[in-house]
Each structure stands twice: as C-alpha cells, then as structure tokens.
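If you read the sequences in order, they're chains A and B.
Per this note's numbering, the very first residue in the first sequence carries number 20; after that it's consecutive.
Per this note's numbering, the very first residue in the second sequence carries number 231; after that it's consecutive.
Since the hints were made in silico from the structure, they are not lab data.
Cβ atoms here follow ideal geometry from the backbone N, Cα and C, with glycine treated the same way.
Do not take every clue at face value.
What the hints assert, rightly or not - Have a look at the derived ranges for each label pair, beta carbon to beta carbon: (1) A:G73 - B:G938: 32 to 38 Å; (2) B:G884 - A:D115: 51 to 57 Å; (3) A:F80 - B:G904: 58 to 64 Å; (4) A:G97 - B:W896: 30 to 36 Å.
Unchecked claim - Partner residues are not named here, just some residues of chain A that face chain B (Cβ under 8 Å, in silico): (5) V38; (6) V42; (7) E91; (8) M114.
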Amino acid sequence: MLSIGHYLFLGLALFIIGVIGVVTRRNVIVILMSIELILNAVNINLVAFSRLYGDVAGQVFALFIIADAAAEAAVGLGIIIAFFRNRETVLEDEMDLLKW
Amino acid sequence: MTPTGYFLEHLWLIPLFPLVTAALMLFIGRRLPNAAVSVLCAGSVGLSFIFAVGAVMQLLSADPEYRVAQHILFEWLTPGAMRLASGATVPFTADWGYLLDPLSSVMVLVVTGVGFLIHIYSIGYMGHESGYYRFFGYMNLFMFSMLTLVLANNMLLMFVGWEGVGLCSYLLIGFYFLKKSASDAGKKAFIVNRIGDAGFILGMLLTAVTFGTIRFTSAGLANVAADSGVRQALEAALGSHALAYGAPVFTAIALLLFVGACGKSAQIPLYVWLPDAMEGPTPVSALIHAATMVTAGVYMVVRMNAIYVNAPSALVVVAVVGVVTAIFAASMALVQNDIKKVLAYSTISQLGYMFLALGAGAFAAGIFHLMTHAFFKALLFLGAGSVIHAMSGEQDIRKMGGLWSRIPVTAWTFLLATLAIAGMPPFAGFFSKDEILGRAFERHWALWAVGFITAGMTAFYMFRLAYLTFSGYSRADEHAQHHIHESPHSMTIPLMILAVLSVIGGWIGWPAALGGSNHFEKFLAPVMVTHTEPLLGHEGPLGALASPDEAARIQRSAPEQEKGSGPTEYFLMFASIAAAVAGIWLAYEFYGTKRFAPELIARRMSGFYRVLVHKYYVDEIYDALFVNRTKDVGTLLGQFDAKVIDGVGVDGAGWLARFTSKLSMWWDKWIIDGLLNFGAKLTQLLSFPFRFLQTGTFSSYALLILVGLAILLAYYEQHLHVVLRGAR
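When you get a sec, could you build the whole thing from the sequences and use the hints?
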C-alpha cells in the first residue's frame, strides 16, 4: 500500500527536478518544460492530499492548474517565438536586456 | 463803400477747390481713369480761376481806397497774452483768414490763370506718363498752397502756404524719383529752401515780438483800421523811440525775411537749387519754377513793404543782391546747352530784376515784372516742353535746329515770348523791365548800368536759344527727326493764349512817358507805403511805423516821386531798346548768319569760358564749404555714435550683461547643479555593490528567489510547523 509519504516524495522529486531545470538550463523551451514539471509536482501533492482527506476540492484545483499550465505554455511559447524573431535565439543567458 | 458780393464772401473756396481734388487724387486717384483725373484737376483750377475773377471784379467795383476784403474762416491761434520786446503785453492771435486786396488780386489772378493754362497743357504733355494722377494730385496741392500763400491775411498762414509750395516743389522735382539725379535735385531744393525758411521764421517771430501782431492789413484802407485791439497795441509800441525810421529792428526783420525770399526766389547765395529743379516735368518748371512759386519771395517782400520802406539799408542789400543775381545768372545762361537750363538761369536773372525793383523802392514795378514774367516765362517753358515733346525727349539745343517749319505754332509763340523777355516794345517784358531800369536809375546809376548790361545779355542768350532751336538745319539724329510733330491742341492752345498775354500783358502798365497812365501802379498804390506818405495812422506791420515828425523828415529826404516824362526817361527807354537790339543782333550774327564763330570766342577766352560752363564753380564751392563739412560733422557724429554710444553704452551694457550672466551660469553649474550631482554621485557610489545582483538573466533571479524562499522557510520553520500543525 502506498502511503501519502510516497506521493509527497514523488511530488518533491518532481519539484526539485523542475527547479534545477529552471535554474540551470539555458534553453528557454527547456525551462518552460521544467516549469511544467513544477506545476505537475504541485498537482500530485493536491491530488494526494485530496485523496487523503476525502476532499474533492484538491482535485478541482488540480484541474484548474492543468488549464492554467496549458494557457501559460501557450503564452510562453508565443513570447519565445516573438523573441526568436527579433534576436534569433532561445538561450536565456542572451536575454539580458534588463541588466543594469 | 466796402466791397461785397458772392465771390468775396466765398473767398475761401478759391484755395479749397484744388485742395479737394488734390485729396481725391492722392487717396483714390489710382483707380480713376486719366480722363476723369484731367477733368477733375484742371476743372477745379478753372473753377478757382472763375471765382478769382469774380472776386477781383467785385473788389474793383469799390473805390480804390476801400478795395480790401477780408474773410476770416476761424481763429486759428486763440488769443494769448504775449510780452513784446518793448515790455508791453498784448493779446496775440492768428486767424485762418483770407485777404483780397489789389496786391493779392494780381497774384491770385496770375496763379489761377497761368496755373489753369498749365494744367490744360499738362493733360497733353503728361498723357503718356505713368503716375498721371500723382502728377495732378501734387499740382493741385501746389495750387492750394500757393493760393493760401497769396491770400493769407497773416504771416503765419502765409508760412503754411510757403512750406506747402516748398513741399510740392520737392515732390514734383522728384516726380521721376527712380532717376537718381531727379531725387537728388528734389532734396537739394528742399534743403536750400529750408535755409531760407529759417530766415522767414526768425523774421516772423521778430515781427511778432516787435509789433504784437503778424496780420497784414493794407495801409490806407479805412475799414481795416476798425481792428482796434491790434491798433492800440501798435500805438503803444510806437511811443518808444526804438521804432523810428531806419531803426535796427526794421533792418533786422527786413534782412531775415529777405533770407527767406532769397531761398524761395533763388537769389544769391541760395539760387543753386533752381537750375537742378529742371529735373522735374516741364509743366512743373513752368508753373512752379518760373511763373508762381519762385515769385513768392518777391510777393512776400512787397507784402511787407512798410517794413522795407523803413529799413533803407536793407533795401540797399535787396537791390544789390537782386542786380548781382541778375547779371550773374544771365552770364551763366550764355553758355548753357540744355534748353531748360537756359530758361532756369534766365528765371533767376529775371527774379534778380524783380528784387532790383524792390530794392529801388519800386514795389509796384517788381510786381508788374512778376506778372509779365509769369506770362512769358511760362510760355517759354511750355514752348520748351513742346519742343522736347517734338524731339522725343531731347533737351540739348546743340542737337536741335530746323524746327521752325516743323512745329510752327510752338515756334511762333516761342518767338513772341523771346521778344517779350528780350524787352522789345510793345511786348510785355519791355514795359516792366523799362520801369524797373528807370526806377533803378533814380536810385543809383550803377544799379541801372548793371541792369542795362544784363538786359543786353538777356536778349543775346534768349535769341541764341531761339536760333539754335528753330533755325538752320536739324542736327538731330534720323530717328528723332522722323518723329518731329506739332503738339496736340491741349498743348498749343495754352501756348497761344499765353502768347497773346505776353504781347498785351504789359499794356496795363503803359508808362506816362509814352502817353499812358500806368494803371497797374495806380491799382497797387493803396497797398504800398511810400516815403512821401505820412506813415502814422495805418495798422498792422504794413503801416504805422514812424512818428509824425519822423515822417515829415522822411518826406523831405525822399526823392521826388512824380517824375515828369523828362528827357532822362526817354533816354533810358531808348537805351533799353538799344541793349535788346544789340543782344538780338549779336545772337543773329553768331547763330543766324554764323559770321562770328562762338567757338572762336570760347577758345580765345578759354579761362573765362570754362568758369562760365562750370557755373562759376559755385556748386563745387558749396560742396567744399558746406555740404562736405556737414557730411564731416555727420561722419564725426557717426563715429561718436559707433565708438561712444555703441562702444561704451550699448556694447558696455552688453558686456556687463554677458559678464553677470556668466557669473550666474558659473553659480548654476557649480553650486546648484553641483549639489544635485553630488547627491546623485553619492547614491551611485553607495548603490555600486548592489548592481551586480541585476544580471538580467531570469535563471539567476529564479535562483535568488529560491535562495530567499529557502532562507525565509528556514527562519520561519518553527512557526511554519505550528501553522501546519494547526491546520491539521
């Protein structure tokens, strides 16, 4: 029988992989994918606790987050395409216009 | 009986007609067709002439001693107390009033009559010129000014007209203002006249402070004496001994006024503007610079004859200046080659004759010559204009000749005028000139002698002009010859009328010696103050200038006026005819038969000839003495302006402003801005370490957020624990 701890560990692992991806990767598309990982880590936590407490609200929130993630991915990819047209790059270390 | 009548009551209309049309021309003339301009302008002068004739007729209907009409339009300068030189205080006033007496009658008839003919002539002469309306506007303004001058009842109003004619003269000399020489000539006339005007003003002021009035009133005219205020003031003034016959104040007034007359009437030393004035259109030369305006000085002196009669030394000056001007100008006319210049010098010379007459005390003779001169000189100028018209604008008589049969009307009328000015009987000029020479002889034989020689010279240069212009073969070029034509009727009819006047105009002054009775002198007599007449009892600057015993003394010393027709008079008359005939004969031999060669004389007397051709170098001398000195003063003042006013004043102020603004700028830059910049620099310096946090790459921001989150979590771990536990 899988305890809540397993689910939380999975969520934590996914979260950490996602964070490491966001912080370390140069390609913005990969960073977007890492953010998806983070969001899904949160989803696992929400679903796990929903199951644990028998409260369906957590699962409803998970569905919202999935919709949100889709919207975010669409907007993020749009920005990347627009940026690529201007700078011909998708590497985030070359996106330093806001620097001092 | 005092003369009355419609025309006398409407005296003020005479100058008004031309004023109205002048205003019309100058405001809306540009939009009027030439025909309308001609009708309006010539018509208004014609109307003035009709009113003038009417007024004079009504004046003549009165007895001689009552022939004066005064029409005061309004009080111009309201009475104010004026302190006289004698110490008395009198009310001083000046009217805008018109005075018609025998003297102004003659003038007003000459001005309107000759003026009307010249206006008619101008319609033909100026027909092709641009600025037609402008020409007639100025001409009518001139007529207004001249009529104001001759009809004025006081010196101040006369001065208004005096200045007005000067202005119009300036405007009309410079009518072709695009031509440099024309605008220069206009300026010269204006400036030279200004010198004379200064004399007039001073003379007028001196008259005012001496007598307390500047109103002219005719001596011996009973009805004017009712002007009691002025009369009392004069009688009070006459109590002091300073106002006796020959008193210095009379001489001073007379000489100052004579300076004015010299300027306006082109006498030595102020004659230099008149020859240059020929730059104006020819009708202008005829009207202004021959017939009317230049005689204003003569008129003014006659108007003030009571002053002159009481200033014997001033009369000598007038006579000498007049006779010297006469011979001086005549000598210059001998060698001129420009048809208008010859006539200009001739005008100066004839004006000299008039002043000779005035200086000899023959005021009526001066006015007589003024009138006949107006006829024949206007005719000469208009004839010259007709010649120039025929010659396509050529003015050099060396390029004329042979015009006699080509333009017969012009030639015949010109010949009549030439005979008149030469003094051949029975033409007009003979009577007036003979009268002047006779009176000059009574005064001093030397005056007569110079005048006599001048008469010969006049005949010579006028016939030289006539021969060179009309006789022989044409010396013009092909093109000009082809164009020779007689002028239109509008030009020839005035010529014919003036020719008639030049012939018969002198007959009203037919001398007693030839069986006449000299109506002209008798007509003017009421205006004149003579030595023989007791002087007390007349009013105004014209009379009342000597006490009874003085008058008696003058009466004894004065020359006998009523000269019989003695042998002297016949001799003088014969001499003037002989001089004229000699002059004409010489001109005939030189230029008619060519028996004498003028070039030979010119070569033999080359030094004198050169002096004459250069007009005695008077212009050059004036340039050296006055014009260039004035310019020097101007340059000096200009340098003062540049160096001191601009240098110290303007530039100094500029430098000071720049200096203070620099100071202010330094303060702004280093103190005000410095404080601000110091704050900014300080902030920049303090914030230096923190800028490295801003990498611009969002992964580093994400890392920072994580680190921050971790720190926060670590810090609140305990608390978080509680929260989580609480939730459970």
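Here is how each hint holds up against the structure:
1. A:G73 - B:G938: 32 to 38 Å: holds, 36 Å
2. B:G884 - A:D115: 51 to 57 Å: Distance hint for G884 (chain B), D115 (chain A) holds at roughly 55 Å.
3. A:F80 - B:G904: 58 to 64 Å: Check passed, 60 Å falls within 58 to 64 Å.
4. A:G97 - B:W896: 30 to 36 Å: violated, 56 Å
5. V38: holds, 6 Å
6. V42: holds, 5 Å
7. E91: For E91 (chain A), the interface hint is violated, since the closest Cβ of chain B sits about 15 Å away, which is over 8 Å.
8. M114: holds, 7 Å
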